[in-house]
Structure formats: structure tokens, C-alpha cells
Amino acid sequence: MSAISEEKYMSISPAEFFYKYREVAGFANPVKAFYQVVKELIDNALDATDMHGILPDVKISIEKADEVQEYYKITVEDNGIGIPPDVVPYAFGKVLFSSKYVMKQSRGMYGLGVKMVVLYAQMTTGRPVEVITSRENYRMIYYFKLRIDINKNEPVIIERGAWRKTRDWHGTVVSVTIEGDWSRAKQRILEYLSRTSIITPYANITLITPENEIIHYSRVTNAMPKPPRESKPHPRGIDLEMFKTLINNNGNGEEPVEEFLTSNFQSIGPSTARAILNLAKIDPYKKLHELTESEIQRLFNIIKSYDKYKPPSATSLSPLGREVLEAGLKRIFEPEFLYAVTRSPRSYEGNPFIVEAAISYGGNTPMSPQEQPIILRYANRVPLIYDESTDVVTQVVKEDVNWESYMISFPAPLAIIVHICSTKIPFKGVGKESIADIPEIRREVKLAIMEVARELKRYLVKKVKEKEVMRRVEILAKYIPEVARSLATILGDNSSKNRIEAALTRKLIEYVSRRSNVSVEIVNSIVKSVEIGV
Amino acid sequence: MSTISKTDVKTRMRALDLIKENFKRLLDELDKSGKLHLVFPKRALSNTIYDQKSKILLLGPDVQYRSFTDINEAKKFTQTILMASIVYEALRNNEYPTIRDLFYRGKHTISYTSIDGKKVSENSWDDQRESDSVIRDLEVFLNILREDLLILSKEKGKVVGNLIIKSGDDTIDLSKMGHGAYAIEPTPDLIDFIDVDAEYVLVVEKDAVFQQLHRYGFWKKNKAILVTSAGQPDRATRRFVRRLSEEFKLPVYILCDSDPYGFYIYSVFKAGSITLSYESERLATPTAKFIGVTLTDIFGTEIFKEILRDPQIKNTLEEIAKDVLKLKSKEPYLSIEERRNFVIKAKLRDIERAVELVGYRVAEACIGSPEYRSKIKRKEGVSGYPWFLTPEWIRELCIFFYTTSKLEIEAITGKGLRFLADIYIPRKIENEDWID
Numbered sequence: 004m005s006a007i008s009e010e011k012y013m014s015i016s017p018a019e020f021f022y023k024y025r026e027v028a029g030f031a032n033p034v035k036a037f038y039q040v041v042k043e044l045i046d047n048a049l050d051a052t053d054m055h056g057i058l059p060d061v062k063i064s065i066e067k068a069d070e071v072q073e074y075y076k077i078t079v080e081d082n083g084i085g086i087p088p089d090v091v092p093y094a095f096g097k098v099l100f101s102s103k104y105v106m107k108q109s110r111g112m113y114g115l116g117v118k119m120v121v122l123y124a125q126m127t128t129g130r131p132v133e134v135i136t137s138r139e140n141y142r143m144i145y146y147f148k149l150r151i152d153i154n155k156n157e158p159v160i161i162e163r164g165a166w167r168k169t170r171d172w173h174g175t176v177v178s179v180t181i182e183g184d185w186s187r188a189k190q191r192i193l194e195y196l197s198r199t200s201i202i203t204p205y206a207n208i209t210l211i212t213p214e215n216e217i218i219h220y221s222r223v224t225n226a227m228p229k230p231p232r233e234s235k236p237h238p239r240g241i242d243l244e245m246f247k248t249l250i251n252n253n254g255n256g257e258e259p260v261e262e263f264l265t266s267n268f269q270s271i272g273p274s275t276a277r278a279i280l281n282l283a284k285i286d287p288y289k290k291l292h293e294l295t296e297s298e299i300q301r302l303f304n305i306i307k308s309y310d311k312y313k314p315p316s317a318t319s320l321s322p323l324g325r326e327v328l329e330a331g332l333k334r335i336f337e338p339e340f341l342y343a344v345t346r347s348p349r350s351y352e353g354n355p356f357i358v359e360a361a362i363s364y365g366g367n368t369p370m371s372p373q374e375q376p377i378i379l380r381y382a383n384r385v386p387l388i389y390d391e392s393t394d395v396v397t398q399v400v401k402e403d404v405n406w407e408s409y410m411i412s413f414p415a416p417l418a419i420i421v422h423i424c425s426t427k428i429p430f431k432g433v434g435k436e437s438i439a440d441i442p443e444i445r446r447e448v449k450l451a452i453m454e455v456a457r458e459l460k461r462y463l464v465k466k467v468k469e470k471e472v473m474r475r476v477e478i479l480a481k482y483i484p485e486v487a488r489s490l491a492t493i494l495g496d497n498s499s500k501n502r503i504e505a506a507l508t509r510k511l512i513e514y515v516s517r518r519s520n521v522s523v524e525i526v527n528s529i530v531k532s533v534e535i536g537v
Numbered sequence: 002m003s004t005i006s007k008t009d010v011k012t013r014m015r016a017l018d019l020i021k022e023n024f025k026r027l028l029d030e031l032d033k034s035g036k037l038h039l040v041f042p043k044r045a046l047s048n049t050i051y052d053q054k055s056k057i058l059l060l061g062p063d064v065q066y067r068s069f070t071d072i073n074e075a076k077k078f079t080q081t082i083l084m085a086s087i088v089y090e091a092l093r094n095n096e097y098p099t100i101r102d103l104f105y106r107g108k109h110t111i112s113y114t115s116i117d118g119k120k121v122s123e124n125s126w127d128d129q130r131e132s133d134s135v136i137r138d139l140e141v142f143l144n145i146l147r148e149d150l151l152i153l154s155k156e157k158g159k160v161v162g163n164l165i166i167k168s169g170d171d172t173i174d175l176s177k178m179g180h181g182a183y184a185i186e187p188t189p190d191l192i193d194f195i196d197v198d199a200e201y202v203l204v205v206e207k208d209a210v211f212q213q214l215h216r217y218g219f220w221k222k223n224k225a226i227l228v229t230s231a232g233q234p235d236r237a238t239r240r241f242v243r244r245l246s247e248e249f250k251l252p253v254y255i256l257c258d259s260d261p262y263g264f265y266i267y268s269v270f271k272a273g274s275i276t277l278s279y280e281s282e283r284l285a286t287p288t289a290k291f292i293g294v295t296l297t298d299i300f301g302t303e304i305f306k307e308i309l310r311d312p313q314i315k316n317t318l319e320e321i322a323k324d325v326l327k328l329k330s331k332e333p334y335l336s337i338e339e340r341r342n343f344v345i346k347a348k349l350r351d352i353e354r355a356v357e358l359v360g361y362r363v364a365e366a367c368i369g370s371p372e373y374r375s376k377i378k379r380k381e382g383v384s385g386y387p388w389f390l391t392p393e394w395i396r397e398l399c400i401f402f403y404t405t406s407k408l409e410i411e412a413i414t415g416k417g418l419r420f421l422a423d424i425y426i427p428r429k430i431e432n433e434d435w436i437d
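First to last, the sequence lines map onto chains A and V.
Those letters in the first sequence? Residues 4 to 537, per my numbering, in order.
Those letters in the second sequence? Residues 2 to 437, per my numbering, in order.
To be clear, the hints were calculated from the coordinates, so they are not data collected in a lab.
There's no promise every hint is true.
[Stated by the list, open to error] Covered by chain A, per the in silico footprint, the following chain V stretches (three or more residues, Cβ under 8 angstroms):
(1) 141-154
(2) 199-210
(3) 314-328
[Unchecked claim] So the derived label-pair ranges between C-beta atoms look like this:
(4) A:Lys500 <-> V:Ile145: 23 to 31 angstroms
(5) A:Lys500 <-> V:Phe194: 39 to 47 angstroms
(6) A:Glu524 <-> V:Asp63: 51 to 59 angstroms
(7) A:Asp496 <-> V:Thr288: 44 to 52 angstroms
(8) A:Ser412 <-> V:Asp63: 41 to 49 angstroms
Note that beta-carbon positions come from the ideal geometry of N, C-alpha and C, so glycine has one too.
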């Protein structure tokens, strides 16, 4: 999600927000909350690394923190860009406002995730969050222990410190202690980690569980997706509320409306701005604070209905790319065949999106269910584990793709990955686990899956053909010793028989090799394996 | 060596050379044209022709290419070469294998490891039918009969009569066999006929009837050479009969059961068999005559006239054989009462075999039993063998279908051996009451 959504809630205290929306944010019960805390911290750790071009090393440790109570201390360490010390209290203890509207793909939810983690810890165990962080060019490492003053929405620093770096370290270590149900959350968390690792083959991820088990995913490629760049919103992607906020937050309101349009939106240059303002019958030089409520409404309507914009730019998106997808699948499934595709950017309602798909067949790919392949869904690099049946990807797999025409009949050792990245993922419902059926997205998902399935079919056809050729070669080659021996019996005498037999065997091997286009070595290997009984 | 007859030695040398020559040519062709295949006349019903002029079954002009690289033919190709090598070795070792021996000598497993690592195993051939078929292929490929490759088979045919032969290095008088008879050797072409004093050859299908006629002195009384095939004739018996017919211009009469199997045995002697049509030229006796037992011997011809009162039957039969109405009429050899005692009811298998001989149309027109009529329906479209579509045979089989009756020769002896030997056979020959 983008920072835009934060803006909607800027006047609400994080505490109030959290109390109101803990279910929405996924903290409804001790199982879900545990999962959500770990997920938020890992997502942040990865955002701090791969989104900035750093190969991630992420360590997660979960320890029992109380003899009696079900308290757990969760520590997540990354080697990311780090957080400036003056920002730390606000990053963890207060909802930050951004004065500019920018759009960029990222994992985090609402940008509020980590504050909710802190609040949840405070609510359940009362223990503060601990943060250790440093950036690349810093000479110091900073340490904070802090909590949130819920009423004031202000960070309270309990302890702080700094020490000199003895080695070239950058990154962030966050520790929180929460009450949770580890035994029931464990499976979820492991699943989440495994699914995350599939699409982050460039990351080292280590988890130490309370039972001291170590789960480790080691880096298998240095190839990383290109980090996304911030971009301005596309005019088709905004809503009225956002539009008004943009106008109200624009400095002193002295800026002419034409300039406001060209500097705050992508795809609006001077001529487009003129055209829009002309249609809205607003003077381009009118200052922002002079606009009346009805003019703003009119302008917004024109902006939304104008249909000559260039499509939204995809520079704010960061698809994984073929190489990463294939490396990830290879690491986990060692498949017999795999193929990945990244489609060109498209947009829906002014939001750019990219669909990627990968297919894994055979090897250690697990057997699929009776009716469909294994579907691994991702949105903005976050695995979607629940609500599979209502997801647009599942619908495409089940309804739009005729698997039989790709020579697949289920169950098959077949897994499909679909990754959708966008500045705004159209989630269905509050669970954020399934993507809505948006026609533009559905179409792209379908094309992506069909493309990888087509490659699989090509492979399967080739395999069948090769097998058929080999079968034919076997049928001929197995008779070569018999034919050579029999002919040598007729044509040779006691002294020449063996020589003739050997020469004939060679000749027949070459003959079969030539006729079937299979190497002499392969034919020979079959001939060598022949045993003639008595 | 001296214990082996000179004729065998000569035959052996010729066969060895022939095999070597043919397979050397096979390899020469591989070098020259890059093709490894056996070329020989196609042995199939579709390539079996009834030659109206010589009245025998012949192989047609179709040629078969058995290529080593054709995956459907590779095994047969291998089997043929394997068989050739076994036969070759036997010839070289002065052996006389039977077709059963050859089956056992060549039967072994061929196993190999397939590309996916599985051990696969098969037999060079599984049953004797398969190896027998390979022997026949080898015969047509080499254009030689297996007897000339000194491959033996069980002796089945027997002969007695005023005939002196030389077999191997021995001279045998076939009139001095006591109660026994000379068993026709599997290589009748290696027999020399020294002297013959006979007026005709009588071939009897049933061994039991042969023995009775022999002990009765039939051949002495009638100056006949008496032969039995003991059921379906083997190649040696057919070749032996053919040589008697050809070399001494002796008439040949065949006496069989009065049923479709008997009729077919006659046709094998006369025209050849479908599976061995490549040998007909040497095995068939086109002048052989079916002396009996005919249905008209049992029922006379009156019954046929009755059948023809049905205009539909009459039209159908006339369409198939125009002269069916112009046949001579005759009286039966059996009285009504004898007929009741000797005749047995034909089974469905007999009826079906008869349909194969003359075709479904004749059967459908003439058949008397509604039960069989519905059962032979599935044979619709069978058109019969051309050599059975003559007026005489159509009359015979029409009566057969109509009465669904058959009769074994033994039944005639039930009327008295004397009747068979002194009346039935001589009178039939005298009256030329046979089917040609």
C-alpha cells in the first residue's frame, strides 16, 4: 500500500485507530496477532533492504519471555538502510505524516503496521519496543527503548544510547515482547516464511523458534528486482478526498491551479492541464485558495472523466522478474521444468500494475489437488495464504484456463505462482488475503498463466516426442546383437565368426543411429545392455 | 558320413549355399542402398489367388518388405534371421530338425535395459505357431520348401500298393508291407520311384477306413495305390500324391467324410491351402477328383429338384452358378432307412464352415433350419472360395444346408465293408460319378 492511505487517518490517534481497527489490521486473536507481528516485522525488514537495492540478510528469533505467561520476545534483524536516530521515536511511536503525496510499491500495510505491533505489545505485556539501528555512513549505532503515549499519540523514550561502530554495519534490529499463542501460530508463520522465501531467493532468512529450531533459507542468487521509484499519483487514480487534501496541504495556496496540476500529478503536462481547466471553465492562473467548493468539485469531475492521459507510469512498481522467480522456484522445488514471465505494465482506474507468473512442473513440485494446480499467490511480494477460493487468480486458473489443452490432467506435480504488483492492490474485503475480480487484472492474469502454460506444453510435447523416438530406438537396438550373431553364424566360419559379429554390430548400431537421429553412444548403450538367454 | 544317404548330402550342400548367398546379398544391399530389409512374396489371404487355368491356389504378385528399421517389423525381421541361422547350423551339423526342434532351439529371452533404467525382457518367440510362421517366411524368402532344408515334421501319411521306391539308399516294395504301411517321409522329393503297377490312386481321409480297405485287399483287387492323409493332409502326403499323379499320369480319387471339413480336405489336395499357397505349385494335384461321399450319394438328386421348386432359391442358385439346373440326376446309394441310421445332424460349426466354402447367399437361400438361419447371419458378406462355386458343389452344399445332415465314411462301412470296397467305390469310378 502507498502512503496515501495514511493520509486518510492522519487526524485519528494511532491508539484509537488501533482499538477500532485491530481486526482489520489482523490482530483479532492471539494466533492471528502473533502471525501479524512477525509478518509486519519481516515485511519491514525486507522493505528496508531489497527496496533499496540491498541483498537482504534477515534474522528472526522468537523466544519465550516469561516462565508463566505466554509472553514471547520477537527480534527481527535486517541489514537494511537503517533509520536516522531522530526519526526512530516517530517511526515507532507516532504515526508519521507525509507532506507530499507519492506513490510507490511496498509491502507494509497502511504504513502503520509497526506502530500497531508496538501498541499490541504494550497492550498485552506492557513491555516497550527496543530498536538498534545504524545507517551506512554513520559512525555510531543507536539504541532506543520506547513506548507510545496512547492519549497523546507521542513516543515516550524510556532509554536511549549510542556507541561507536566497530564494524561496517547498517540495518535495524527491532525487539518486541507480546502475548501470543505460539503453538497455534507456528504453522502459519512457517508457511508465511516459506512462501516469502520462494520469491526472495536473493535473501538469507533465518528463523530461530522458541524450541531452538533453526529454519534457514540461504541466498541462491544475487539478482534482485530493481527497486521502485517514487512517483506522483495518476489523475485517474485519485478520489475526491485525496484531491481536496492535496489542495489544502499545498503550501500557502498561492500556487496557480495550472501549476498545481502539472507539479502534483503524473501524465499532466501544461497542454493537458490547459485542456482540463478549459473544460472545467477555470482560469489556469487562479490561485488554489481562491477555488470555490463547486469549482473544486467540477475540476475533480473533469479530471476523472478526461480520457486522453498517458497511462500511468510503472516506474513506481518493482516486479520480481523472470530470473528471481525462476531462482526461487528452483531453490524450493528443483523442478523438471520451470518458466516465468513478467507482463508489460497495465493499469486499472489509474493504478499501474504488473502481473507476473511462473510455472513449476515435476521434480519436487508437490502433487496438486484433484482439480487444479497448486496456486501460490503474491501481492506486492507478500504471500497471500488465505481466502484462496475467492481470489481472482484462482478464478482464472479454474474458469479461464483449459488445462487439458496444455496436456495437463490433474492431479499433476504442478505449481503456479502469480505475483501482482501495483501501487494499489484491489484487495477483496478486510482480510487483505484475496484480490478482487477487476477485469483488467483478470485479463492480465489469464494471459500470464496461459503464456507459462504454453511453454510447459511445448516442453511436454517435446518430451513425449523424445520419449517416442527413444522407444523406437530401443525396439530396434535390442535386436542388434541377435541379428549380428545370426548373420555371423551364416556368413562366417569358426575363425571369422566373432570378427564378423563385432563388425556387423558396429554397422547396425550406426545404421540405427543414422535412421533414428539418435547418437551412436545411446544406441550402443542399449545394445550393450542386451542379454540373450538360452 | 557314409551312413548318410547321398541325396541328403547333396540337398544339404545346396541349402547351405542358398542361405549364405541370400544373406550375403542382404548385407550387400545395406552397403549399397543403406537399406536393411527382406523382400519376399506377401503371404496373406489378400495375396492368395485361385488360378482358374491351372486350378490351384497361388501366391499373388504382392511383395512384402520386412525392414529392420520398421518398428512393427523389426521383431519378425530378427526372428527370420534367427531362424535362418538355426536352420543353417543344423544343416552344417548334419542334423534333421523338426519344426518343433526349431521352435525350441530358437526360443530364448532377449533382455535389455531401457533408457529409464528398467529391465525389459521378451522371448524370441513364444509359441510354435509363431516360429512355424517364421519358417514359412523363410521358405518364401529363400524360395525353397522346408523339406529341401531338411526340416522334418511328424510323419502322418501312409501308403500301400504296387509301388517300388528308393528312399535314402534303400529300395522298398510298398506291396510288401504286411498289415502295416509305408509312412510317407517328410522329404518326398528325395524318393525315387522305381516301378509302379497301378491304375489309380485312392486317397482316404480316415486312417481307420484306410486300414480296413488295406486288410480287405482293396488295392490288390483294384490295382490301386492306397493313401491316407489321416485327417488334414500334411505337405509330404500332398507332395507324394502330386508326384504319383504327375509322374505316372495316374488318376487321383479322394474319399472323405460327407461334411464341409471333408470337402475342404479334398480342396487342399486339389488346389492347395490358403496358408501354404506358395507351395501349391508343387503340392497341389489339380486333377484330383472328389469321389465321395457326396450328399447326392445319400439323398439322390430328387431332393434338390424339390428344393428348386422355390423360385427364390432357384433364382439365387442360378445367379451364382448358371448350369446348376442342367446337372445329371441320380439315385441315392442309401435306402431311406439306412439314411435314418447313418446320417447325423450337422452342428453350427459345420454350417459355418460350409458358409466359408460357398458363401452366405447359398446358405441363406437353402438353409432349412430357422435356428441356424439366424445364427449364421453374422457371416453375411462371406462370398465363398471360387473353386467351390461350381454347379456340382453348389448342389451338394445346398442339400447340406437344406437337410443340415452330414455323414462320416465309417457309416458307409456300417452298410458292409464289402459294399464300400466292392460296390460303392468301383461303381463310382466306373460311372465317373465324382466331382472334379
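Hint-by-hint comparison with the structure:
| no. | hint | verdict |
| --- | --- | --- |
| 1 | 141-154 | violated (count 0) |
| 2 | 199-210 | violated (count 0) |
| 3 | 314-328 | violated (count 0) |
| 4 | A:Lys500 <-> V:Ile145: 23 to 31 angstroms | holds (24 angstroms) |
| 5 | A:Lys500 <-> V:Phe194: 39 to 47 angstroms | holds (42 angstroms) |
| 6 | A:Glu524 <-> V:Asp63: 51 to 59 angstroms | violated (40 angstroms) |
| 7 | A:Asp496 <-> V:Thr288: 44 to 52 angstroms | holds (47 angstroms) |
| 8 | A:Ser412 <-> V:Asp63: 41 to 49 angstroms | holds (43 angstroms) |
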